[in-house]
Structures are given as C-alpha cells and as structure tokens.
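**Student:** Sequence:
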Amino acid sequence: MRKTIGIDARMYGTKNAGIGRYTANLIDHLSQLKSFDQFSWILFIRAKDQQTLKKKYQKKFSYVVADFPHYSLAEQIIFPIKLYQQKCHLVHFPHFNVPLFYFRPFVVTIHDLIKHQSRGKQTTTRKPLFYKIKFFFYRIVIAQAIKKAQKIFTPSQFVKSQINNHYQIDQKKIVVTYEGVDDKFSIPKSQFPNKKRKEILKKYQIKKPYLLYVGSVYPHKNIDHLIEAIKIAKKKVPDLSLVIVCSRNVFWQRLKKKIHSIDADNFVTLTGFVPDKELALLYKEAESFVFPSLMEGFGLPPLEAMASSCPVISSHAACLPEIYGNAALFFDPLDPEDMAEKIIKMVTDQKLQKEYRVRGRKKIKEYSWQKMAQKTFEEYRQVIERKRPKPNLKK
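For the sequence shown, our numbering gives the first residue as 1081, with consecutive numbering after it.
Because the hints were derived from the structure by calculation, they are not lab data. Think of the CB as a built atom: it goes at the ideal place given N, C-alpha and C, for glycine as much as any other residue. Certain hints may be false.
To be verified - In the PhoX-like style, the derived pairs of lysine-lysine whose C-alpha atoms are separated by at most 25 Å in a straight line are:
#, residue 1, residue 2
1, Lys1283, Lys1253
2, Lys1434, Lys1278
3, Lys1240, Lys1136
4, Lys1095, Lys1136
5, Lys1083, Lys1136
6, Lys1114, Lys1451
7, Lys1228, Lys1207
8, Lys1083, Lys1442
9, Lys1162, Lys1128
10, Lys1264, Lys1227
11, Lys1212, Lys1227
12, Lys1314, Lys1287
13, Lys1269, Lys1282
14, Lys1445, Lys1455
15, Lys1422, Lys1315
16, Lys1212, Lys1288
17, Lys1288, Lys1311
18, Lys1264, Lys1228
19, Lys1314, Lys1336
20, Lys1364, Lys1287
21, Lys1287, Lys1337
22, Lys1442, Lys1431
23, Lys1269, Lys1442
24, Lys1314, Lys1434
25, Lys1140, Lys1114
26, Lys1240, Lys1252
27, Lys1288, Lys1425
28, Lys1434, Lys1288
29, Lys1364, Lys1316
30, Lys1288, Lys1314
31, Lys1162, Lys1227
32, Lys1212, Lys1162
33, Lys1227, Lys1311
Said to hold, decoys possible - The following label-pair restraints were derived from C-beta to C-beta distances:
#, residue 1, residue 2, range
34, Arg1328, His1150, 14 to 20 Å
35, Lys1128, Ile1312, 40 to 46 Å
36, Lys1455, Pro1289, 37 to 43 Å
37, Glu1435, Lys1162, 34 to 40 Å
38, Pro1149, Glu1417, 40 to 46 Å
39, Asn1346, Ser1296, 19 to 25 Å
40, Glu1279, Ser1152, 17 to 23 Å
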C-alpha cells in the first residue's frame, strides 16, 4: 500500500505572492516527476481553488477543503483535526504557520526570518497591544515548527544560516532548495504584437521610459528610499518614471498616500495586481528592474526580470548577492544617492544594459522549479523511509 503525503495548499496561486507561487510550482513540478506515483497525495485547499486544481490535476491528487484563515485560531485548533483525519505519513507545510497541536511527521519551508528583524508599529496595521500578542505567538509557532519538523527547506544559504543563528539546530536537518523562474517570463518580446504592447501599457497608464518594481510594499521593501532615489535620478534623466506592481492592501494604501503627500504622483504609478502574461511584457518594456529590499529570503522578481531580458539593479542586502551573483548591479539600500547613481548609470548606458541582460539570462539557468521539486521529493522519501527521529534541538 502506498504511503500518503499531504501538502498544505491553502496559499496556492500567485495572488498569495511569493509563498503562493512557490506552492503552485511545488505542486505542479512534483506532479510531473516520473516517481510521483510512488506515493498517494492529498492537497489541503481553499474551497475557491478546488475547481481550478481538480481541472488541472484531476485524479493525481485527492483534495480536502480546509478553509481556515492563515494565522488564525481555527488554523491552530481545527485544521490539525482535519489533518489527523487523513492520516498522512508526511505533511509539507510551505510556510511557518504549522498548527501547534499537529504531532505527526511533517516538513516545513521557512522562506525567511524577516519578522525577526523587521518589527515596530510601521510594520503592522494592528493596534500596539494586538501586534505584541501576534508577534509573541509568531515566535512560538515558528520555533515549534523548526523544532518539530523532520526537515526544514530554505530558499537560500542565507536563510539557513539565519535559522542556525537563532535556533542552533542540527545543520543536516536544513535543506537548501533554490527556487526557479516560470517559463512564461522567457517568452521573446517578438511574441507580443506592437498593438498588444500598447494596449497593456495604456491599461496600466504606464509611460516609457520607466523603472519597474514588483513585489509587496511592506516597510522592509524600502520603497521610500527608492522613490527618493528616483527623485534624485530625475535631475539627470527628467522623463524617468517608476512603476510599482503590487497587490492592493493596507500597505498599498499607505504608500499611495505617501506618494501624494510628497508630490510624486507625476512619476510613480501603482498598478495593483498584474497577471503573469501581462507582467512578462512590463518586464520586457522596462529600462531596468530595481529591487531596494532590506531583507529577503530569496528574491524572485529580479530573476523573473532577468528571464525577461530586463537588466537588474539590486540592493546588496541579505541573500541577494548569493542569488544574483554578477548578474545585478548592486547598491547600498540605505543610501538613496548611491541607488540613484546606479540607476542613472544603468539607464543611460545601453552597452551596460546589454551586458546585464546577457548576464541575467545566463544566471537564471542556475535556477529551476523542476530541480527544486526533485530535491524536495527526495527528502520526502528519505523522511518516510526512515524511522521518525526525535526533534534534534541543541540546548
């Protein structure tokens, strides 16, 4: 009888940002492995995704609706009951929010420890007391997930070292599985007819030339310094603008107000969510992609830009030099003058742009969702085939 692996797919899909994209690609590429049928598979999903997933994967997976909001009491108390009912031999949680009362074997993906560093009232929409309570439980939940997991997947060596610094667990328990880039971003620009290009740019009210940023606008993303740098750069490149692609939420609303308060409306465009097919074109039409983040676990959008032949200018913080190597022009994210200098250097030098386009296309060959899924599958198999060890947490 085949053993059963469950995957918490409640955050499936690109609308759930990086974790959603990771979850979707994990499921997609696991299902394509030749050895996939060695196990039975269960996806724990939101009701809204059921039809999409069943249509795409049909009987490759079983589907269990688990409509429990993330970081909620229901997730911690009712979700584990649902998990126990399925009697999985192993469950993969693609985020740190593992139910405290789930004690069967599981593996977890820790994408970053940003909440350990990025704290304070500017990082939350909650009242101070509620935020302190929420942060307290975050520390408990992530610590228990790290302690009890059979394996911990991280998207970079940087995150692995951070976990070791904070929790000092056996390094053999942590497995680095670099992420990949969706093929749709590698489609040649020629595939987009000129009329279609104009329609998409008009739809989002984008005027060329522009720099592109894609991602959330949480405080650690450092968008304030980016806007300041654009202001400085515009003294040398007056028609330059900034396009920010991010989902509409409270932080988006805060940024919109900030842009208006500093009279940046005339050169900063907030698009809201953009589907991948249209996003691929926005990458290709941009002068450069700029990534000012102060803290990342992997940093996927710049790799998408590289796949789209868009030259990348990036912060030198956290894992970013590890991931991009010589394929990005780096700057100090705390120095808007340095950021502006690198922006001006890139957008005014066509030879430099061409060089970084070539470097970027070469760099993305190092990253593959297929490799990530294969390595993850091998770790599943190792965990299932051996006796369950006790949690190995050094005192």
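**Student:** Failing hints, ascending?
**Tutor:** As far as the earlier hints go, 1, 3, 7, 8, 10, 16, 18, 32, 33, 37, 40 are violated by this structure, in ascending order.
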